[in-house]
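Asker: Each chain is listed here by its residues.
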Amino acid sequence: MNNPPTTEPIETETEHYAPQAHDVSKHVRGYLLVGATLLTFTALTVFLSYVDFGTQKANIAVAMVVAAFKAGLVAYIFMHLSAEKKLIYRVLIFTVIFVLGLFWLTYLAWYDPVTSK
Amino acid sequence: MEIPYTVTARPDTGLWNAKVGIWLFLASEVMLFGGLFSAYIFLRLDAPPGYWPHGLLNVPVGTINTAILIASSVTVVLAWASLKMRRFKAYWWYMLATISCGVIFLVVKLAYEWPQKFEHFGAYIKTSELEKYEKYLGNKHLLSQGLPPRVEISGHLHNPEALKDPKIKEYEIALDPIYTDPTNPAMDRPHFLYVPPTNKVAAIEKADVERATMFVPSHSTYFATYFTITGLHGLHVLGGVIVFIYFWLPVGSKLYRKNPEHLANRVEVAGLFWHFVDLIWIFVFPLFYLL
Amino acid sequence: MDASSSVSHAEHHPHAHGEHDHHELGFWRKYVFSTDHKVIGIQYGISGLIFLFLGFCLMMLMRWQLAFPGTKLPLVGNMLENVFGQGAVANGVMTPEFYNSLGAMHGTIMIFLGIVPVAFAAFGNFVVPLQIGAPDMTFPKINMASYWAFFVGGVVMLVSFFVPGGAAKSGWTSYTPLADIVDKGPTYDAIMNGQTLWLIGFILLITSSLLGAVNFIATIIQLRTKGMTWMRLPFFVWAQFVTAFLLLLAFPPLESAIVMQLMDRVAGTSFFLPSGLVVNGAQVSISGGGSPLLWQHLFWFLGHPEVYVLILPGMGIVAEVIANNTRKPLWGYKSLVLAALVLGFLSFIVWAHHMWLTGMGTVVSAFFQTTTMIISIPSVIILSAFFISLWGGSIRFTVPMLFATAFLPMFGIGGLTGIPLAFNSTDLYLHDTYYVIAHFHYIVAPGTIFAVFAGIYYWFPKATGRKMNEFWGKVHFWPSFVCMNVIFLPMFLQGMLGIHRRWYDGGQGWNVAAEKVWGLSGFHWNLPISIAAWCLGLAQIPFIINFFYSMRKGEKVNDNPWEATTLEWTAPTPPRHGNFPVQPVAYRGPYEYSLPGRAKDYTMQTEPVQPDERRVREPSMSLGH
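Chains as they are written, first to last, in my numbering: chain A, 4 to 120; chain B, -1 to 289; chain C, 844 to 1468.
Chain A on its own, in the form it takes in the complex (with noise of 0.2 Å):
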């Protein structure tokens, strides 16, 4: 008697994965591009730093802006955020909700305190 089977078929190798070959061969420029990137933003954000920019506020936004734009790329082109399907952004949308509320909430305690006006 005849069982369907429970794992995952196996397919001969090529047939299968030769499409996903050819699409990663066509990304590999792109990532070449993207460090190429990330490396100038870097001396940028160096650059930036010794610039003043009015108050010490500005600078940490300056820098943070420049550091999210690199983590953004890191995110979306290395580790293949733009590739996936719905369900992995759903999970770090909540995890990156949740550090800022982890951020934002600890520091509006720190800022308002009762003994402040």
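In case anyone wonders, no lab produced these hints; they're calculated from the structure. Please note that a few of the clues may not be correct.
Stated by the list, open to error - Stretch-level coverage of chain C by chain B, calculated; a stretch enters the list once three of its residues show a Cβ under 8 Å from a Cβ in chain B:
1. 1064 to 1071
2. 1086 to 1096
3. 1101 to 1114
Note that CB positions come from ideal geometry on N, CA and C, so glycine has one too.
Following the hints, put chains B and C in place on chain A, whose structure we already have.
Answerer: Frame of chain A, contents of chains B and C only:
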């Protein structure tokens, strides 16, 4: 029944198991470093003016380390791409490059950056005695510029036995450049290039010192946070390097011959972890070295 | 041989031809270092129950000190003095330091070594893969690693009782700066002291939970069998899913805080030590600049989601038992699922209601009060859905059902008494009093623990093929139920009268003043409470005996003794490695009890839909209906 979706993706989620697992793990790691970063925010905001230092870390070396880590991120993704394209030799070289970059990063940190700090000395001057050391601190000039005061004198400690011996009443410090010319506007903001301590030796009386230690974690909350975050990050780098070595060794080629897609997936998962480690450093670098 | 007999042959021996032969594993690989989720689940269960028992013993010791302060401990006093030394028990009388250790470790052990391993890890590991039709967890080796990390962490925690200075004694909350400076000095070891070992053990426990959480979430996402859509999952699986997310995202900030506290204790940093700190009259030689508040924020960022980790699996168990023993579907499945998801989300943004006394301003207080009020809504929805599920049911008061039904009002009392604590103003008075102890114990003790008991009686037959004895189950239930209430109900009163937590003398000093002023005594309640606590301990004896006896001599049952509908009851008993000989397919929802026009009052999820069947409309997540 075998566990399904270990190599091929489940149709509705588009993912295979290890990928789900690593992203979940990375989410938890975001929260872990998030806790440390919130500590950084808290402690930096709480620090009185002058007590959160700037310019103590070597920016060129930090920049180079950042570049090394970025390069390793590129090489690891190229290693994965090579596997997907079934080019094992290319994979082997890229993986070796990644491992090397990781090792260089750690060596620079542990053999140069950290020991440099451990050999550097800083003495916090008591608030009541700041006037006495004005010639080194130049606070009048700083205040006139609207800048925070200097409250610490640092440099190379010529008499380290002074730390332990209560009979020695003074610290002899070969001053850092800032303290030799404190009112020069060029000294107002940190320099890019690192300049070592000068030959000018100052004698600081222990009685005027609030607290004096080498630049170790217990020196200040700045160094506490710096060493803890870079230390934990370094442990993650080490972990990643170890995993990469495992996949680079002959066990990797064995798996490649048996099921190349499985190796590609495992390298992708390890690579995701590595990119995350790079990502954390992208934030650590400006927060500690530049700002 | 004709076709019919070959078909019947296949029915009785459904072996998959694709399954390859695993060589028989040795004893150690099969029962100790196993990667099978069922073995791991049982390991967690047994270890967790032992830790619960130990934590309970610590409490029974504390209750002596509270009922008869400053008197010699009977029976065990001399033994404790010999084992732990004069610093713990002097002339048979408990010292304040030992009392504090008992308190701190009772909390830590019950929560992290007791309930989380049993309710989340044990039940989750054993039941979830079976309920979703999976052969195992997605990462069996990581599952095993997670158990052993927990075990080693537990051992480290227990070892801490035996080092000089004894176990951690700064509360399970380890507030700084006290926790930073305690257990330090000439008579203490740098690493082998109570508080440092507590921190190290905790890191192992967190590692275990994180690995477990990753496993659970990945398994539920990836290994649901064919036809097992999200909205056909038993509520127990949803509860475990949300719980795993809470553990995944809430534990790491505490881990970072623990690393920082370790740095403070071992490396001399000042993460949590403020400038100008004076200890025993002398200024401490530290850099200062740290923030004790920082510890509290990072701790409670976990601490609050943790309480939902403690209750959600219990709610999941109660859902299964109620549906099964009312012989009708759970009311409001969709509401339950949404409520659990919302509860999980909101639990991350309410934490500062544990910190009302830290001097937060009006803006941040208003924020947290609002979110705390809102979070009561999903809890009420869940509890209400359970209550409504009883209506019109054909209720069988089996032992699991007794515990599950008792859960409902007990959790209700626990939840409602949390309301005064949610407001900054009223909590100013109630904070750190016995009112708080009563509130949270009502939720975890006659709440979660009763749900755990329900689960044990309910799933025992699936794991062993035998039922636990019903009579002795009732002997276990009734005294437990009564004692729980005698213990915790008066504590509300004590709290409102102002008796504080963590007081070694049980409020004796306070009581003298209160009696003079108001003529009221909250103090004398300590005696009946303590007696009830010891009786509660006695009431567990029939359970322990029943548990072990029934494994060998209990009434033998078939695969589905409770006539339940979910997938685990289709598996062989006990399920073999790989769980299902043939991959199951789910055709219907999880609670199809009492379908009209059917011969039996239950229809299993694996039963195909007949063309002429009147279909129940299945819940879906779309907003259209």
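Asker: Could you work out which of the previously given hints the structure breaks and list their numbers from low to high?
Answerer: The structure conflicts with no hint, since it agrees with every one listed earlier.
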